[in-house]
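The primary structure of each chain is shown beneath.
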Amino acid sequence: MTDVLDPPVVVEHHDEHHEDHGPTGILKWITSTDHKVIGLSYTITSVIMMVIGGLFAEIIRAQLTTPNNSLVSLAQYNELFTMHGSVMIYLFIGPFAFGALANIIVPIQIGAPDMAFPRLNALSYWLYLTGSITMLSGFFVAGGAANFGWVAYAPLSNSINTPGAGADLWIGGLLLTGFSAIFTGVNLTATIFYLRAPGMTMFRMPIFTWNLLITAILILLAFPVLTAGLIMLYCDRHFGTHIFSVAGGGVPVLWQHIFWFWGHPEVYILALPIFGMVTEIIAVFSRKPVFGYKGMVFATITIGALSLGVWAHHMFTTGVVLLPFFSIMSLLIAVPTGIKMFNWIGTMWRGEVWFSTAMLMAIGFLITFLIGGITGIYLASPPLDFFTHDTYFVVAHFHSIVMALMMGAMGALYYWGPKITGYLLNETIGKIQFWLLFIGTQVFTLPMYVLGLRGMPRRIAIYPLHHSWQYLNDWASIGALMIGLSTVAFLVNIAYSWKKYPAGDNPWDGHTLEWFTTSPPPHHNFYRLPQIRSERPTWDYNHPGHTAAEHGHSAAHRDETPVEAPTS
Amino acid sequence: MKTEAKLLLGLGTFFGAMVTVYWFWGNENAGSVMMFAGMLLCFLPGSYYYWWSRRMKPRTEDNPQATQAEGAGVVLALVFGIWFLVPGLGLAVWALFGGTAEGRRGGTH
Numbered sequence: 000m001t002d003v004l005d006p007p008v009v010v011e012h013h014d015e016h017h018e019d020h021g022p023t024g025i026l027k028w029i030t031s032t033d034h035k036v037i038g039l040s041y042t043i044t045s046v047i048m049m050v051i052g053g054l055f056a057e058i059i060r061a062q063l064t065t066p067n068n069s070l071v072s073l074a075q076y077n078e079l080f081t082m083h084g085s086v087m088i089y090l091f092i093g094p095f096a097f098g099a100l101a102n103i104i105v106p107i108q109i110g111a112p113d114m115a116f117p118r119l120n121a122l123s124y125w126l127y128l129t130g131s132i133t134m135l136s137g138f139f140v141a142g143g144a145a146n147f148g149w150v151a152y153a154p155l156s157n158s159i160n161t162p163g164a165g166a167d168l169w170i171g172g173l174l175l176t177g178f179s180a181i182f183t184g185v186n187l188t189a190t191i192f193y194l195r196a197p198g199m200t201m202f203r204m205p206i207f208t209w210n211l212l213i214t215a216i217l218i219l220l221a222f223p224v225l226t227a228g229l230i231m232l233y234c235d236r237h238f239g240t241h242i243f244s245v246a247g248g249g250v251p252v253l254w255q256h257i258f259w260f261w262g263h264p265e266v267y268i269l270a271l272p273i274f275g276m277v278t279e280i281i282a283v284f285s286r287k288p289v290f291g292y293k294g295m296v297f298a299t300i301t302i303g304a305l306s307l308g309v310w311a312h313h314m315f316t317t318g319v320v321l322l323p324f325f326s327i328m329s330l331l332i333a334v335p336t337g338i339k340m341f342n343w344i345g346t347m348w349r350g351e352v353w354f355s356t357a358m359l360m361a362i363g364f365l366i367t368f369l370i371g372g373i374t375g376i377y378l379a380s381p382p383l384d385f386f387t388h389d390t391y392f393v394v395a396h397f398h399s400i401v402m403a404l405m406m407g408a409m410g411a412l413y414y415w416g417p418k419i420t421g422y423l424l425n426e427t428i429g430k431i432q433f434w435l436l437f438i439g440t441q442v443f444t445l446p447m448y449v450l451g452l453r454g455m456p457r458r459i460a461i462y463p464l465h466h467s468w469q470y471l472n473d474w475a476s477i478g479a480l481m482i483g484l485s486t487v488a489f490l491v492n493i494a495y496s497w498k499k500y501p502a503g504d505n506p507w508d509g510h511t512l513e514w515f516t517t518s519p520p521p522h523h524n525f526y527r528l529p530q531i532r533s534e535r536p537t538w539d540y541n542h543p544g545h546t547a548a549e550h551g552h553s554a555a556h557r558d559e560t561p562v563e564a565p566t567s
Numbered sequence: 000m001k002t003e004a005k006l007l008l009g010l011g012t013f014f015g016a017m018v019t020v021y022w023f024w025g026n027e028n029a030g031s032v033m034m035f036a037g038m039l040l041c042f043l044p045g046s047y048y049y050w051w052s053r054r055m056k057p058r059t060e061d062n063p064q065a066t067q068a069e070g071a072g073v074v075l076a077l078v079f080g081i082w083f084l085v086p087g088l089g090l091a092v093w094a095l096f097g098g099t100a101e102g103r104r105g106g107t108h
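One line per chain: the protein sequences are C and R, in this order. Take the first sequence: its letters are residues 0 to 567, numbered as in numbering that gives the first Met the number 0. Take the second sequence: its letters are residues 0 to 108, numbered as in numbering that gives the first Met the number 0.
Hints may be right or wrong, so weigh each one.
Coverage of chain R stretches by chain C, computed from C-beta distances (three or more under 8 Å per stretch; other residues unrestricted) [claimed, not checked]:
#1 23 to 30
#2 34 to 41
Lysine-lysine pairs mimicking BS3-like chemistry, simulated, CA-CA at most 27 Å apart [to be verified]:
#3 C:Lys27 / C:Lys498
#4 C:Lys293 / R:Lys1
#5 C:Lys430 / C:Lys498
#6 R:Lys5 / C:Lys293
#7 R:Lys56 / R:Lys1
#8 C:Lys293 / R:Lys56
Hints listed in this document are in silico derivations from the structure and should not be mistaken for laboratory results. We put the CB at the ideal spot given by N, CA and C, even for glycine.
Same shape as in the complex, but just chain C (with noise of 0.2 Å):
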């Protein structure tokens, strides 16, 4: 009932920290305990693997351009479409999802200091680079890196089907980043539930935060999971064991159970922090309060409970699992990510939406998603599932989630990453990027769903002379070249803006905790905290003329208050 803000007050935090003191250069960052320079390892160290697991996809897709192609080898294009998958699933989204961004922006929006376990949090990025190097080095050992698959399904994956050094490289790699993702779980849940600023309730905890505790979580119900499977496939590699093998008595199928109990979740914790980071996006650019907000939250938890039941969908064909049950569950997680829909569009509706590079990357989020998650909705559906399954069908929706996410990322990098490095990057040459990027998703995916329809198999390297498979394959590798340029254009957007605009420390007119401190923020993050009436403090602090109605209260009232015209 707090219709009237109370006057601005700030309280003055006295900096009292010297940091001057300790080693510097190389040395500092390797020592660091700073949430934001860990965070910003992970981003650089991510953003590198998505280029690297970008260049595996433009190979994939130069191979497929023609049919009996001899560009790479059969035994090369298998080590290339596993290695792609991995990086980019283990070693890019994930841990730019709940690794870069939320480890810098998280404590800042809760009013934090720092996360709650900072020398774990060291731990965890350090032990995300030892392993992606890990998985990485078996393209150096004989026999080559893991061509099993990204999903290592025993019994492809014993040490008789898959000997040598880069299948256990792998194993090795994933069990290193598993830890490291675990790490960061524990650190996050422990940092939103203690770490919080006086007055920062749970229910007006940004968005963004809200789906990274979701998203921890559900690390810490996942990947323990995972970590457990892979020990086991270790075991039957080396010492003997028979868990996966028929031949001692085993269960193969297992190993899927295994792996689709962590990997469902798993697509929620990369999907979850992109859909948050998208949320504060579309409410900072129309201008208005993210409508809806409980209901965004409890569709947040609704996702998370949900995404532990729905693991078999991947199983279907397999003949041994409960369709009803994963069939009516996946269809189920249709109504939250719907809510979010409505909410994300209602967001939009009536504000003054400002389209700048990161808004547009929201918005071709929501239209790549959209897409993305109507072929999800086919393929819980059995009778299907069992004829897309394996096809390019199944590459194709979820490269449009993945694509999705992707540009739900890159939305994030150019919204803080003004905050995070004080400059922002050049508005036009992210324009071209996202056209880039979205018309080259399109090209992309929309025909390696026919292709999928038409009955071309998955991680195949060579097809037969077949004209309706290869102008599709051509088209998708037309969208690949699109989306590499767009990555491209990226990373000449970063050398090209070094520097050179400085974003100040509110540049969008933002609404949360870190858009109230400096870019970049101090050591332990704020000078002064703004009084936390509502959940977008720093808005209410920069606009006290305006009301702060409580949740559902008044909302229509607050929908129609003045907004200030963009600023550029």
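Here the structure of chain C is known, so what remains is to put chain R in place on it, guided by the hints.
For chain R alone, kept in the frame of chain C given last:
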């Protein structure tokens, strides 16, 4: 603290319901065990938070009206009258002792 507890207990309850349905309908071991363990993983910290939330003073971060000044209890004296300073300062000193104890390595008792 209550919201955090409710979140985890709610998730645990949902997983409990889900595993019950799944076990009796599907009778599949691996998934049932994993979901059951997921339920326990929510109940364990959730019930601890709930137990603790009933015994602790509401924290400033759970108070919608909290000010940024440290030791919100002391600041209330400026609002409600100087007499509030007595319990407020008392609590602040108590909290200070708690803070030192928290930072101490090892224990003597």
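Hint numbers the structure violates, sorted upward? none
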